[in-house]
Amino acid sequence: MNQKSSYDRLYELAEKHGDLLRPPAVNHILVRLWQEEQLFALADSLRRENFYLVTMVANDERELGDHCFKIYYLFSHPVEDLFLTIEYLLESQRESYPSIYSYFQAVDPFEQEIRDMFGLEPSGNRDDQVQPGSRLHAPYPCDLYPLRRDRTMAQLKQRVQEYNRQGLHRTTPVERMQPSQGGLLLSVGPVHAGIIEPGRFVFHIAGEVIDDLDIFLGYTHKGIERLFQSKMTLHDGWRLAEQVSGDSAFAHSLAYCRAVEALAESKLTEEAELLRGLFLELERIYNHVGDTAALAHDVALDLIASELMVIREELVRLNASITGHRYLCGLNRPGGIVLPQPLDTDRIRTILFSCLERYTALTGRLVSMSSFRNRAISTGILTKADALRIGATGLAARASGVDRDFRRNHPNGIYCEPWLRKSFDSPDDLIFADETIREDRAGDVYARLLVRIQEVKSSAAIVEKILERWNTCPERNQTCFLSEVRFNSDNNYTFAIGHAEGWRGEVIYWIMQDKMEHIYRCKVRDPSMLNWPALCLSIIPHEVKGKRVETILADFPLINKSFNLSYSGNDL
Amino acid sequence: MSIKHIGFVRLFATNLPEHLLSLLGCDLHTETLPVRRGKKSIFIRHLDGGSSNAPEMELTALTNPIYDLAQYGIRFVPSPRHADILLITGPLTWNMLGPAIAAFGSMPGPKRVITMGDCASFVEPYAVKNCIFSDSYAVAELPQNMKESIVVHIAGSLPNPQDIIMKLGELR
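Protein chains in written order, with my numbering: chain A, 6 to 577; chain B, 94 to 265.
Hints listed in this document are in silico derivations from the structure and should not be mistaken for laboratory results.
For glycine and all other residues, C-beta sits at the position ideal for the given N, C-alpha and C.
Please note that a few of the clues may not be correct.
Residues from chain A shown here face chain B by an in silico Cβ test under 8 Å; the list is partial [claimed, not checked]:
#: 1; residue: 142
#: 2; residue: 161
#: 3; residue: 196
#: 4; residue: 249
#: 5; residue: 251
#: 6; residue: 382
#: 7; residue: 383
#: 8; residue: 384
#: 9; residue: 573
Among the chain B residues that face chain A by a calculated CB cut under 8 Å, a handful are [claimed, not checked]:
#: 10; residue: 171
#: 11; residue: 175
#: 12; residue: 186
#: 13; residue: 194
#: 14; residue: 198
#: 15; residue: 225
#: 16; residue: 226
#: 17; residue: 244
#: 18; residue: 246
#: 19; residue: 249
#: 20; residue: 255
Kindly produce the complete structure, drawing on both the sequences and the hints.
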C-alpha cells in the first residue's frame with residue numbers, strides 16, 4: 006500500500022482547519038486561522054503527531070492589509086524536514102489571544118515576552134495569568150509596549166527617561182514573594198559572585214534542599230528586536246545579530262543571513278557553504294571545550310580545568326589567526342562570507358587535531374575520576390518526558406534522549422551533502438548513531454558532559470571532511486565569496502525563516518521584509534529561551550523512574566554550568 | 094628546564110612539539126606583559142551592564158594560566174564590598190542601572206570605575222559615534238558620580254585579553 010507522505014498529511018490537516026497561503030519555502034506549509042476553535046483543534050492534532058514548537062512571533066500589522074495584531078506559530082515535524090506556520094489573526098481592537106499552553110507548554114516564555122513587548126494577553130487554557138515584567142522591569146512604565154509600531158524609538162526612549170526622572174517605580178515580583186511555611190527565601194543575583202551575566206535566582210530552601218526555584222531574567226534586555234526594525238536594513242542587520250549572544254555570534258549571524266537570503270532567493274557558492282559549515286563547527290568546538298573546563302573547575306578539579314582552558318585559548322587564537330576575530334565575528338554577510346585572508350587549512354588541521362588529541366585524553370581522565378562521577382552522575386536530571394513537555398532543545402534535550410538536531414532534521418548548506426551526511430550516520434564515531442550508550446541520555450550533568458565530548462569529536466570529523474573538500478575547490482585562494490542579494494519588492498511584508506544549529510541548539514530568525522529593504526519585524530530565538538524552564542525543572546524536586554529526586558543548593562552552580570544558557574540571548 | 098617551566102601547565106605545555114609552538118605564534122608558557130611592576134594590588138568587581146556575553150568570556154580568559162592576571166596583582170573578587178574598582182561591560186541597560194548603583198554604593202572609597210567595550214555608549218569622552226545600542230529605549234545613562242569615577246575605558250568592539258591587561262596596567 007502506498008503510504009501518504011508526511012507533507013501530504015500535514016497539508017490535508019492544515020487545509021481542514023484554515024486557509025492555506027503561499028508558504029515561504031518548499032518544505033513549509035502556511036495556514037491562516039482566525040477562530041479560537043480552529044487554533045485549538047489544529048494545535049491538538051499537531052500535539053498528537055508529536056510536532057514541536059520552534060518559535061512564536063507576535064507582529065503588529067495594524068497598518069497593513071489585515072489591520073490587526075497577528076501571532077505566528079512555527080512548528081516542526083518531529084523527524085522530517087517539514088515546517089508548519091500558523092498565522093493567527095486577532096480581531097481588530099482585540100488585545101488578547103487564545104493560549105495553546107495546554108497543548109504546548111513551550112509557548113510559556115514566548116507568551117511572557119509578548120505580554121511585555123506588545124501588551125497582548127493570552128486568555129484561557131492557562132492555570133495562571135502571565136505576569137508582566139519578564140523583560141521590562143521596574144524602570145519601565147507598564148504600558149510601554151516597545152514593539153508596537155505606533156511609537157518611534159525616540160519617543161520610547163524619551164518616555165522611559167521621563168518615567169525614571171519622576172522616580173515612579175513599580176514593585177518587582179521578587180519583592181512580593183513570600184517563603185513557604187518553615188522555608189527560607191534565598192535571593193541570588195542579579196550581580197553574581199563570578200564573572201557571569203546577570204540574572205536573579207530565588208531559591209525556596211528547606212535546610213539544604215531546594216524546594217522551588219524562580220528565575221528572573223531580563224536584566225540584559227537591550228531592545229534588540231526594536232533596533233532591528235528601526236536602525237538596521239536587511240543588508241547590515243548581521244552586525245546586530247552578532248551582538249545577541251557573544252558565544253554564539255557565528256550561529257546568530259548565520260541564521261540571520263539565511264533568513265535574508267531566503268527573502269532574496271539568492272543561491273550561495275559551494276565555497277561559502279563550506280566556510281559556513283567550518284566556522285559553525287569551530288564555534289561549537291571552542292565552546293564545548295570551554296564548558297568542559299568550567300565543569301571541571303566547578304568540581305574543584307583545577308588541574309584538568311587549567312589544561313582544558315589552555316586548549317580553549319589555543320582554539321580561540323586559531324579563530325583569530327584565520328578570521329581576525331577570536332569569536333568569529335564579522336564573517337557572515339547576506340549572500341556569503343568574507344575572510345580577511347585566504348584560508349590556511351594546514352594551520353587549522355595541525356592545531357585542531359593537536360587540541361583534539363589532548364582534549365580526548367583529558368576528558369577520558371575526567372569522566373573516569375570517581376570524585377567527578379560522584380558529583381555529576383544523577384545530578385540535575387532533566388527527564389525525557391519533561392524535556393518533551395516543555396519543548397527543551399539542543400544539547401540539553403539531546404542529553405535527555407530527545408534526538409533532535411537541526412543539522413540532521415532540517416539540513417541546509419553543507420549538511421545536505423551526501424559526503425557529510427554519511428559521517429553523521431556512520432556507527433563508529435559520530436553522535437547520533439550509538440543508541441546503546443545509555444549514560445549520555447540520562448539527562449544529568451554527566452550526560453550533558455558526555456554529549457559535549459561526543460560533539461567535539463564529531464565536529465572535528467566534520468571539519469576534517471570540510472577541509473578535504475576545500476582543497477579541491479578551484480577558488481580556495483580567494484577571500485570573498487559573495488553571491489548577489491537582490492530584494493524583490495513583491496516580497497514586501499512576507500516573512501522567511503533562517504536557522505542554524507549553534508552549540509546550544511538551533512538559533513532561529515524570523516524576518517519580515519519591509520519596503521526600502523528595511524526590516525519590518527525580526528524575531529530572534531536563541532535556544533536558551535526554551536531551555537531556561539528546563540534548567541528550573543531539573544532542579545526542583547521531581548520524579549525520576551518513580552523515585553523522588555531532590556537537589557541541594559551546593560549542586561546548583563554545577564547544574565547551571567552544565568546547561569550554560571545565555572542570558573543575553575534570552576533577554577534580547 | 095628553567096625555573097620558568099615549573100608548574101603543571103608549564104610541564105604540560107613543554108610536552109608539545111616545537112613546530113606546534115611556533116605555529117601557535119606564542120609559546121604557551123604564561124605570557125608576561127611589561128606592565129605594573131612593583132605596584133599595589135587591585136581587586137576588581139565585574140558587573141555585566143547588559144553585554145552580549147563575549148566580554149565576560151574574555152574576562153574569564155584573563156584568569157586562565159596563559160594570561161594569569163594574578164601575576165600583575167590584579168584579581169576579580171566576588172563582592173563589591175572589598176573591591177577597589179567596578180568594571181562595567183555592556184551598554185548599561187535600564188534593568189541593570191539599579192543593581193549597578195547598588196554595587197557602586199556598597200564599595201569602599203575611593204571608588205573607581207572601569208568601562209569596557211564600544212557598546213558602553215555612556216562614556217562621554219570615549220563614546221563611539223553610531224554605537225549600535227545608543228538609540229535603544231532600553232539603554233540608560235550612568236549617574237554623574239559614577240561617570241566622574243571612571244578612570245580607564247577599555248575600547249574596542251571586543252578588546253582582546255592582551256589589550257585589557259595593557260589598559261589595566263595603566264592603573265596605579
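Q: Starting from the hint list further up, note which numbers the structure goes against and sort them upward.
A: 6, 7, 8, 11, 13, 14, 17, 18, 19 and 20
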